[in-house]
Amino acid sequence: VIVLPNHANVVFAANQAVGLARATLHVVASRSAVQGVAAALVFDHERQVAENVRVMADALAHVRTVEVTMAAASRTVNGVAVAEGQPIALVDGELVAAAATALDALVAGVLRAAAAGASLVTLYGGAGCSGDELAAGRAEVSRALPDAEVETIDGGQQLYNFIASVEASTALRPPSTSL
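Under my numbering, the residues of the sequence shown are numbered 13 to 191, in order.
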């Protein structure tokens with residue numbers, strides 16, 4: 013059994029479960045849902061478990077996670093001042109930007125995540141994100157990163173207007189994968 017924790021706070025518990033489980037567990041330490049998706053996409057049922065675990069773990073290194081949400085309180089973190097209710101962007105769990113709109117926060121976060129290069133950006137629209145907003149997100153990210161392929165998915169996630177997967181390389185990803 014391969015476990016994808018998909019959250020930084022769950023990785024430790026997943027690793028502890030390895031010693032407690034009756035089945036053989038392998039943990040691929042995904043720290044976000046988009047990392048989990050990247051790892052799952054490279055899984056191949058014809059490979060040996062150890063090889064799948066290695067390839068899935070390697071896939072995590074090529075993915076940055078951008079989360080756009082609203083600030084719960086006014087404060088300054090990592091040199092970024094935010095006001096309660098203001099759109100903010102987190103990259104791999106770290107606050108990187110506060111903006112006037114969720115789209116502005118998305119672009120700021122994606123640009124920060126793509127600093128080392130990006131070939132694929134997948135945008136997941138949240139529960140409150142309309143189709144028009146998701147299309148606008150795609151257009152803005154495409155404008156900001158003209159060399160990257162940009163995909164959109166109605167993710168329906170709570171709390172986050174957008175979540176984006178920023179992949180540095182699509183070499184590990186199977187062609188024409190759709191969710």
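Think of the hints as simulated: they come from the structure by calculation, not from any bench.
C-beta: ideal position from N, C-alpha, C; glycine also.
Just so you know, not all the hints are guaranteed correct.
[Claimed, not checked] What follows is a set of in silico ranges between Cβ atoms, one per label pair, in the way DEER data are often shown: (1) G168 with G105: 38 to 48 Å; (2) A112 with R34: 46 to 56 Å; (3) R66 with G31: 41 to 51 Å; (4) E63 with G140: 19 to 29 Å; (5) A33 with E96: 15 to 25 Å; (6) G31 with E163: 30 to 40 Å; (7) A35 with P158: 22 to 32 Å; (8) A93 with T36: 13 to 23 Å; (9) P158 with G31: 34 to 44 Å; (10) P158 with Q60: 18 to 28 Å; (11) I14 with E106: 32 to 42 Å; (12) R34 with A180: 17 to 27 Å; (13) A128 with T88: 37 to 47 Å.
Hint-by-hint comparison with the structure:
no., hint, result
1, G168 with G105: 38 to 48 Å, "violated, 21 Å"
2, A112 with R34: 46 to 56 Å, "holds, 53 Å"
3, R66 with G31: 41 to 51 Å, "violated, 21 Å"
4, E63 with G140: 19 to 29 Å, "violated, 41 Å"
5, A33 with E96: 15 to 25 Å, "violated, 42 Å"
6, G31 with E163: 30 to 40 Å, "holds, 38 Å"
7, A35 with P158: 22 to 32 Å, "violated, 47 Å"
8, A93 with T36: 13 to 23 Å, "violated, 48 Å"
9, P158 with G31: 34 to 44 Å, "violated, 48 Å"
10, P158 with Q60: 18 to 28 Å, "violated, 40 Å"
11, I14 with E106: 32 to 42 Å, "violated, 27 Å"
12, R34 with A180: 17 to 27 Å, "violated, 38 Å"
13, A128 with T88: 37 to 47 Å, "violated, 26 Å"
Of the numbered hints listed earlier, those contradicted by the structure are 1, 3, 4, 5, 7, 8, 9, 10, 11, 12, 13.
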